[in-house]
Amino acid sequence: MAAPSYATPAERIWYYAFRVICGLIFFFLIAPIIVIVPLAFNAEPYFTFTREMLALDPEGYSLRWFRALLGSSEWMGSIRNSFIISISSTIIATALGTLAALGLNRRNMPARGLITAILISPMIVPLIITAAALFSFFARAGLANTFPGIILSHVVLGTPFVVLTVTASLAGFDETLIRASQSLGANQSRTFFKVILPLLLPGVIAGALFAFVTSLDEVVIVNFMAGPAQTPMTVRMFSGLREEISPTILALASLLVALSIILLTTLELIRRRNERLRGMSPG
Amino acid sequence: MASTDGAIKEPILAADGTPLKQALRRSQARERRAAFLLVAPLLLFILIVFAVPIASMIWRSVYNPEVRNFLPQTAAALQEWDGEDVPPEPVFQAMAADMIVGVEKRTIGRAAARINREIPGARSRMMRTAREVDEWSAPYREKFLETDERWSDLDFWRLLKRETRLVTPAYYLLALDYEYTADGEIRPRPEVYRIYKALFWRTAWMSMLITGICILLAYPISYLMATQPTRLANLLLILVLLPFWTSLLVRTSAWIVLLQQQGVVNELLVALNVIDEGGRLRMIYNRTGTIIAMTHILLPFMVLPLYSVMKTIPPSYLRAAKSLGAHPFRAWWRVYFPLTIPGLAAGCILVFILAIGYYITPALVGGDSGIFISNLIAQNMQGSSAQLKLAAALATILLVAVLVVYWVFNKLIGVDKLKFG
Amino acid sequence: MKRVLILTGSVAAIALGGAVAQDQQLTIVSWGGAYSNSQIKAYHEPYTEKTGVKIVNEDKSANALAGIRAQVEADNVTWDIVDMLQADAQRACDEGLLEIVDHNEWLAPAPDGTPASEDFIEGQLGDCYIPQILYATMFAYNTEAFPDGGPQTIEDIWDVEKFPGTRALQQIPQKNLEWALIADGVPDDEVYEVLATPEGQDRAFAKLDEIKDHVIWWSEGAQPPQMLADKEAVIATAYNGRIFNAQVNEDQPFEIVWDRQMLESDGWVVPVGNDDKMELIRDYLFFATDTQRLADQAKYISYGPARSSSAPLVGTFEDTDIDMKPHMPTNPENLETAVTFDVQFWTDYGDALEERFNAWVAG
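Chains as they are written, first to last, in my numbering: chain A, 3 to 285; chain B, 587 to 1007; chain C, 179 to 541.
Treat the hints as calculated values from the structure; they're not laboratory data. Where hints are given, some of them may not hold.
Said to hold, decoys possible - Here are the simulated lysine to any residue pairs, SDA-like style, with alpha carbons at most 20 Å apart:
{"no.": "1", "chain 1": "C", "residue 1": "K390", "chain 2": "B", "residue 2": "M869"}
{"no.": "2", "chain 1": "C", "residue 1": "K409", "chain 2": "B", "residue 2": "V856"}
{"no.": "3", "chain 1": "B", "residue 1": "K783", "chain 2": "C", "residue 2": "W538"}
{"no.": "4", "chain 1": "C", "residue 1": "K409", "chain 2": "B", "residue 2": "E853"}
{"no.": "5", "chain 1": "C", "residue 1": "K409", "chain 2": "A", "residue 2": "R275"}
{"no.": "6", "chain 1": "B", "residue 1": "K997", "chain 2": "A", "residue 2": "R114"}
{"no.": "7", "chain 1": "B", "residue 1": "K997", "chain 2": "A", "residue 2": "A119"}
{"no.": "8", "chain 1": "C", "residue 1": "K353", "chain 2": "C", "residue 2": "V364"}
{"no.": "9", "chain 1": "B", "residue 1": "K897", "chain 2": "B", "residue 2": "A917"}
{"no.": "10", "chain 1": "B", "residue 1": "K607", "chain 2": "A", "residue 2": "R109"}
{"no.": "11", "chain 1": "C", "residue 1": "K409", "chain 2": "A", "residue 2": "L243"}
{"no.": "12", "chain 1": "C", "residue 1": "K385", "chain 2": "B", "residue 2": "W737"}
{"no.": "13", "chain 1": "C", "residue 1": "K232", "chain 2": "C", "residue 2": "M456"}
{"no.": "14", "chain 1": "C", "residue 1": "K409", "chain 2": "B", "residue 2": "G864"}
Unchecked claim - The following residues of chain C were derived to be distant from chain B, with all beta-carbon distances above 12 Å:
{"no.": "15", "residue": "Q202"}
{"no.": "16", "residue": "E223"}
{"no.": "17", "residue": "V255"}
{"no.": "18", "residue": "A286"}
{"no.": "19", "residue": "P289"}
{"no.": "20", "residue": "D362"}
{"no.": "21", "residue": "D367"}
{"no.": "22", "residue": "E368"}
{"no.": "23", "residue": "V372"}
{"no.": "24", "residue": "V435"}
{"no.": "25", "residue": "D453"}
{"no.": "26", "residue": "D454"}
{"no.": "27", "residue": "L513"}
{"no.": "28", "residue": "D526"}
To be verified - Derived contacts from chain C toward chain A, CB cut-off under 8 Å, selection only:
{"no.": "29", "residue": "N235"}
{"no.": "30", "residue": "N254"}
{"no.": "31", "residue": "T256"}
Glycine included, each C-beta is placed from N, C-alpha and C at the ideal position.
With the rest of the complex left out, here is chain A (with noise of 0.2 Å):
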């Protein structure tokens, strides 16, 4: 990480420069983040740390917001919800992002491009201007407050991603394969199975990821469409976050964090997987 030994001084100057401005940047996106942690085990109501947390003091710890938070039903009822919005809105999103993706990518699709456009729309669409418009629609056809209605909603977001991580994985797909299995005497499903899937299931799992979290946070559109019986915790959250602040949501953030760590290492294995199949080099 040393500065080559033949830089000029000013080169010298600027080469660690240049690394202390990146050091600041990184602090920047994920101290924030780290910050929270700690702070969702404060033994005290607060949002800042407290004397005996800065001295590592034991009694400046607690787990009393993880408790209040697995205690209270109200929480774990909303948690609940949003698993089973996203978990259905993700395997909907799933199946028809996937069958998408393999049509756009036959050689003769017709009007490959606006439709393309089209199943990518409600990705680029603000989130508020979709809310709006199905909020109206939905209630109209007695689809507001139900479990039915939201998770359709996010089937709409969600298939965005599925057919844009699905559609790459596959773009870099040798069609040559697919003849080689056949001259060997593969069949059909045979060829599907055993060398189109494997190829195409990291971009369909890291498609599915991004509609499960796509589902997982998203407010507004619930905020509109949800009544008491399927608040999930974003909305619980994001009243919280006006209205009441608590340490109990930074103990549930705590945990979403655990969560996206997860995502993260199971998106980097697959990735790293994918790269060996396609025997390209890692990295």
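Following the hints, complete the assembly by docking chains B and C onto the known chain A.
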């Protein structure tokens, strides 16, 4: 699927009957159909559950049924009126008839509410008169004028006549801070009511500012990652991906915790004696809060495309330029920078498009000086001052703006270049 | 597509299955926080105990008018009973969104036999509206911020030199404009007359301009006590019950400024489109608005019952010996300089002033 492939693989068979060209065309049509059938379920789904609702929202923004539907006879009678003098007896008679029906069906308030938006007090005057009108008999004109002299107000009748149109641009005028005068001319609204144009501009320039800050922050770290050995680069990439995958609400609450008056940063500055108790900084619930939090949230969207482009630029280019005698900065500017433009453009458009539609973060940390147009759309969908049609008009304008940006991007770079993770 | 339909169908079945099993259920919309808690304890719990009907609370009253409009327009009403402000209730009633209430038929008479329409405090009943409580909106401050004594009058609130610090105001024109005019020297009884003129409106906004840089805005009743506790604001307008609850339950060093408190009522409405549930709704309302129930609510929050016959029954706070009477907005001492909130004025001028206010806030 099987038949399609059969057709491709055995073109010779076509020779027995059909000409080869025709068979080929037919098989291609079949393949197109097969491809389309795979896309059809999602396409249909998006059209029904997304495109139709948006279209119906746009329709709502111009649909103006209140006067026409709830004061039908008055609306018809007013067509004859020239707008010069207090309307004649038939108009009042029609109004009385509409009121009697409207009171019974309880729809009169809908029409009154529409008028009250533009003439404060018109609602209660209409409601009061409507309650009495079934005891009156012709001629009605005098009775109306006796009850309340404001029934002779020409502006009221002109407004009513104007609002008999079933399709109105009125909400788009409002959304751009214009209004109709009593004579039907279009003019800017009084200054104290103007807000939306300013908010559209604020949304645009703050989004540009945030995009600019994102470039400044993303460029160095992407460059650093692209020039490090793979192992280290992957480690650094995690520092970008972790925030990217972390819930938006979590990141926003982190900034609330950090920046509020009793928050971590202020406490730290007080503890270090940089500021005193009374001098705590206001970093949140204002424009600053929105800019800081949104920059943090959107930064990964700039870093990821930039990094993926920079990764493909061989470092030897820069070295070659330098060895040919170029000053390091000149070498970088003339050789390296142009190569990163595709990534930069993708990042900019991604960040900008996401930023102009932002709602949650400005709502939580923006106070009143840091809110975006989305927040006003939401405001017009909720609360007692809600105007759903105005919200629909504002949303349509924002939608058009976003689509234009998206279209330009699609022309310049292409959607399929969007990459995640 | 078939698979999708099956999936959606099964999810729908799960979701709806829950709803079918509980048809004896009421969805009641209210304000959340300490206020909803007082209703739960005084009305909902005893009612559920008596009848077995499950009550679902939804904290959406801040959006009641827009919500009811949307539901009625979509012909899909999911709210059974809504807690609403009187001015909004009048607007919704005029627009035909609410059931018309025959107070004597729907509601219980007082214990002495006085019919409901005479028992409720005068001027509070509306065509579609059943008042529950009288509450005050007024200023309160954190005493820790003013060791030498806090603001006592409306004029003090505008005095940022003498009482420095952030003010938290509700993000609506109602009451703020009245207070601004009073602070600018308009006599209490002329406030609405002045506010009906364009000059008077300019004057009120100009007065608000003076403190705009010192103001943060709140929209939910739970926010001001939180803002005062966190010292995000040192002075705040608030509903008196919320401040009272923070004082007694959380021991917060808050002090109420009763000067020019604005008294208003809050009550129940029933959106139209609930015909098949009407019997249950009316049964609940009959129970929840009787003399004893209204008096009971005052046990949990310091709002004055809307029935005259409930007043003598008001006792102490929950299980403590804190006498509720001095904390009531209707306590004569607290009423001395009270300003009566003009519902009619706001039904007429609400639209225009709200628009101007929103433009002013965001500008």
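Here is how each hint holds up against the structure:
Restraint check for K390/C and M869/B: satisfied, since their Cα atoms lie roughly 17 Å apart, inside the 20 Å limit. The hinted pair formed by K409/C and V856/B meets the criterion: a straight-line CA distance of about 15 Å does not exceed 20 Å. The suggested pairing of K783/B with W538/C holds, with an alpha-carbon distance near 13 Å, which does not exceed 20 Å. Distance hint between K409/C and E853/B is fulfilled; the C-alpha atoms sit about 13 Å from each other, no more than 20 Å.
For the suggested pair K409/C and R275/A, the alpha carbons sit about 53 Å apart, so the restraint of at most 20 Å is broken. About 15 Å separates the Cα atoms of K997/B and R114/A, which keeps this hinted pair within 20 Å; it holds. About 12 Å separates the Cα atoms of K997/B and A119/A, which keeps this hinted pair within 20 Å; it holds. Distance restraint check for K353/C and V364/C: the Cα-Cα separation of roughly 14 Å lies within the 20 Å cut-off, and the hinted pair is therefore satisfied.
In summary, the hint linking K897/B to A917/B is supported, as the alpha carbons are separated by about 18 Å, within the 20 Å threshold. Taking the CA atoms of K607/B and R109/A, the gap is near 18 Å; set against the 20 Å cutoff, the hint holds. Taking the CA atoms of K409/C and L243/A, the gap is near 16 Å; set against the 20 Å cutoff, the hint holds. Between K385/C and W737/B the CA atoms are separated by roughly 34 Å; this puts the pair beyond 20 Å, and the hint is violated.
With a C-alpha separation of about 16 Å, the suggested pairing of K232/C with M456/C holds against the 20 Å cut-off. Annotation: proposed proximity of K409/C to G864/B holds, straight-line Cα distance about 11 Å (limit 20 Å). Its beta-carbon lying about 29 Å from the closest one in chain B, Q202/C satisfies the requirement of being farther than 12 Å from that chain. Listed as a non-interface residue, E223/C keeps its Cβ farther than 12 Å from every Cβ of chain B; the least gap is roughly 30 Å.
Distance to chain B confirms V255/C as a non-interface residue, since its nearest Cβ pair spans about 15 Å, more than 12 Å. For A286/C, the non-interface assignment is confirmed: its Cβ lies about 27 Å from the closest Cβ of chain B, beyond the 12 Å cut-off. Non-interface call for P289/C relative to chain B: holds, since the shortest CB-CB distance, roughly 34 Å, exceeds 12 Å. The claim that D362/C lies off the interface holds: its Cβ sits roughly 17 Å from the closest Cβ of chain B, which is beyond the 12 Å cut-off.
No Cβ of chain B approaches the Cβ of D367/C within 12 Å, the least distance being about 20 Å, so the stated non-interface status holds. For E368/C, the non-interface assignment is confirmed: its Cβ lies about 18 Å from the closest Cβ of chain B, beyond the 12 Å cut-off. Non-interface status of V372/C relative to chain B is upheld: no Cβ of that chain comes within 12 Å, the nearest being about 15 Å off. With a cut of 12 Å on Cβ distances, V435/C stays outside the contact zone with chain B, its closest approach being about 22 Å.
At roughly 14 Å from the closest C-beta of chain B, the C-beta of D453/C stays outside 12 Å, upholding its exclusion from the interface. In this structure D454/C is separated from chain B by more than 12 Å, as the shortest Cβ-Cβ distance comes to about 19 Å. The beta carbon of L513/C sits about 26 Å from the closest Cβ of chain B, which is more than 12 Å, so the claim that it is off the interface holds. Separation of D526/C from chain B is inadequate, the least Cβ-Cβ distance of about 4 Å not exceeding the 12 Å criterion.
Checking N235/C against chain A: minimum C-beta separation of about 7 Å stays under 8 Å; hint holds. Interface hint status for N254/C: upheld, as the beta-carbon distance to the closest one in chain A is roughly 5 Å, under 8 Å. Against a cut-off of 8 Å between C-beta atoms, the interface hint on T256/C holds, since the closest Cβ of chain A lies about 5 Å away.
Against the hints set out earlier in the document, violations occur for numbers 5, 12, 28.
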